[in-house]
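Use the sequences and the hints to build the structure in full.
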Amino acid sequence: MSFHAIVFFPDTKTADAISVSSVSGKATVGQISKVRWSSKTYNAKVIYLGTKSSCEGNIEHVTDNGALNERFFTVADSATSQCAEPQGDSFSFADVGRQLKAAVDELQEQVKLTRTTTTAAIHELEIKMHDSIMRLDRRLMRIEASIDELKMKAPDGSEGAIDFTILCRERVEALLAHKCGNMSKFAFALEKEVYKENPEILLNIEQRRRTTREMNFIREA
Numbered sequence: 001m002s003f004h005a006i007v008f009f010p011d012t013k014t015a016d017a018i019s020v021s022s023v024s025g026k027a028t029v030g031q032i033s034k035v036r037w038s039s040k041t042y043n044a045k046v047i048y049l050g051t052k053s054s055c056e057g058n059i060e061h062v063t064d065n066g067a068l069n070e071r072f073f074t075v076a077d078s079a080t081s082q083c084a085e086p087q088g089d090s091f092s093f094a095d096v097g098r099q100l101k102a103a104v105d106e107l108q109e110q111v112k113l114t115r116t117t118t119t120a121a122i123h124e125l126e127i128k129m130h131d132s133i134m135r136l137d138r139r140l141m142r143i144e145a146s147i148d149e150l151k152m153k154a155p156d157g158s159e160g161a162i163d164f165t166i167l168c169r170e171r172v173e174a175l176l177a178h179k180c181g182n183m184s185k186f187a188f189a190l191e192k193e194v195y196k197e198n199p200e201i202l203l204n205i206e207q208r209r210r211t212t213r214e215m216n217f218i219r220e221a
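In the UniProt record's numbering, the protein residues as written are 1 to 221.
These aren't lab readings, by the way, just hints derived from the structure by calculation.
Worth double-checking, as some hints may not be accurate.
Said to hold, decoys possible - Once the Cα atoms are required to be at most 27 Å apart in a straight line, the calculated DSS-like pairs of lysine-lysine come out as:
1) K52 to K101
2) K45 to K13
3) K40 to K112
4) K26 to K112
5) K40 to K52
6) K13 to K52
7) K128 to K112
8) K112 to K101
9) K26 to K40
10) K45 to K101
11) K13 to K26
12) K34 to K52
13) K34 to K45
14) K34 to K101
What the hints assert, rightly or not - Distance windows between CB atoms, simulated:
15) E149 to E124: 51 to 57 Å
16) A94 to S132: 55 to 61 Å
17) T28 to M129: 58 to 64 Å
18) D137 to S38: 55 to 61 Å
19) L100 to S132: 54 to 60 Å
20) W37 to E60: 16 to 22 Å
By construction, the Cβ of each residue, glycine as well, lies at the ideal position given by its N, Cα and C atoms.
Given below as structure tokens:
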């Protein structure tokens, strides 16, 4: 035998017969409980407990205040409502199965919606990233073109430059000033400065092989 209950929904002032398995916790007459109805949870007042047929037969006698007209009670129904307590083995497994299926269907729908939303968001992000990369590539190409143009316009600083790593500029200028601009005396003094402590100073210029860099420095200075 399947036990059912008549529950009254205060918000809509309507009543319905449901399986006691849809009532959260112990189904007690007069108590407001959480009930599962149409795949959603509502607050409802339990006003009658009995068989499915007795609940369906008495539901039309529920008043707008959530009460059941007592003259429609039968002796058997009264005894059932007061003394009967539903046992787990008597619950309708069909009702439980339907409720479980509804919950699973709802969960699957939510997962499907979440997956669709996530896929769309990822696709949109990929498009934005692609556009950003393309803009960055175009900007880098413009920068590289500008650098190449500047290189073409800029003079080559290496041509005609004196290598002052051999002798600092200040010392060279001091020697030139000391010789009063006489280039012959300046060259001789510069040669002595560059080749000091170098044995090739004793050789003729044509015989100096290991100090080509120093010789070029003297000529350029």
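Hint check results:
1. K52 to K101: holds, 22 Å
2. K45 to K13: Given pair K45, K13 holds - Cα atoms ~11 Å apart, limit 27 Å.
3. K40 to K112: Holds - the C-alpha atoms of K112 and K40 are around 20 Å apart, at most 27 Å.
4. K26 to K112: Distance ~35 Å between K26 and K112 Cα, so the pair is violated.
5. K40 to K52: Distance ~21 Å between K40 and K52 Cα, so the pair holds.
6. K13 to K52: holds, 21 Å
7. K128 to K112: Holds. K128 to K112 sits at ~25 Å (cutoff 27 Å).
8. K112 to K101: Given that 27 Å is the threshold and the Cα spacing comes to 16 Å, the pair holds.
9. K26 to K40: holds, 19 Å
10. K45 to K101: holds, 26 Å
11. K13 to K26: holds, 23 Å
12. K34 to K52: Given pair K34, K52 holds - Cα atoms ~20 Å apart, limit 27 Å.
13. K34 to K45: With a Cα-Cα distance of about 9 Å, the restraint between K34 and K45 holds, given a limit of 27 Å.
14. K34 to K101: Judged against 27 Å, a Cα distance of about 20 Å means the pair holds.
15. E149 to E124: 51 to 57 Å: violated, 38 Å
16. A94 to S132: 55 to 61 Å: holds, 57 Å
17. T28 to M129: 58 to 64 Å: Holds - the Cβ-Cβ distance for T28 and M129, about 60 Å, lies within 58 to 64 Å.
18. D137 to S38: 55 to 61 Å: Hint holds: Cβ distance 57 Å, inside 55 to 61 Å.
19. L100 to S132: 54 to 60 Å: With Cβ atoms ~48 Å apart, the hint is violated.
20. W37 to E60: 16 to 22 Å: holds, 18 Å
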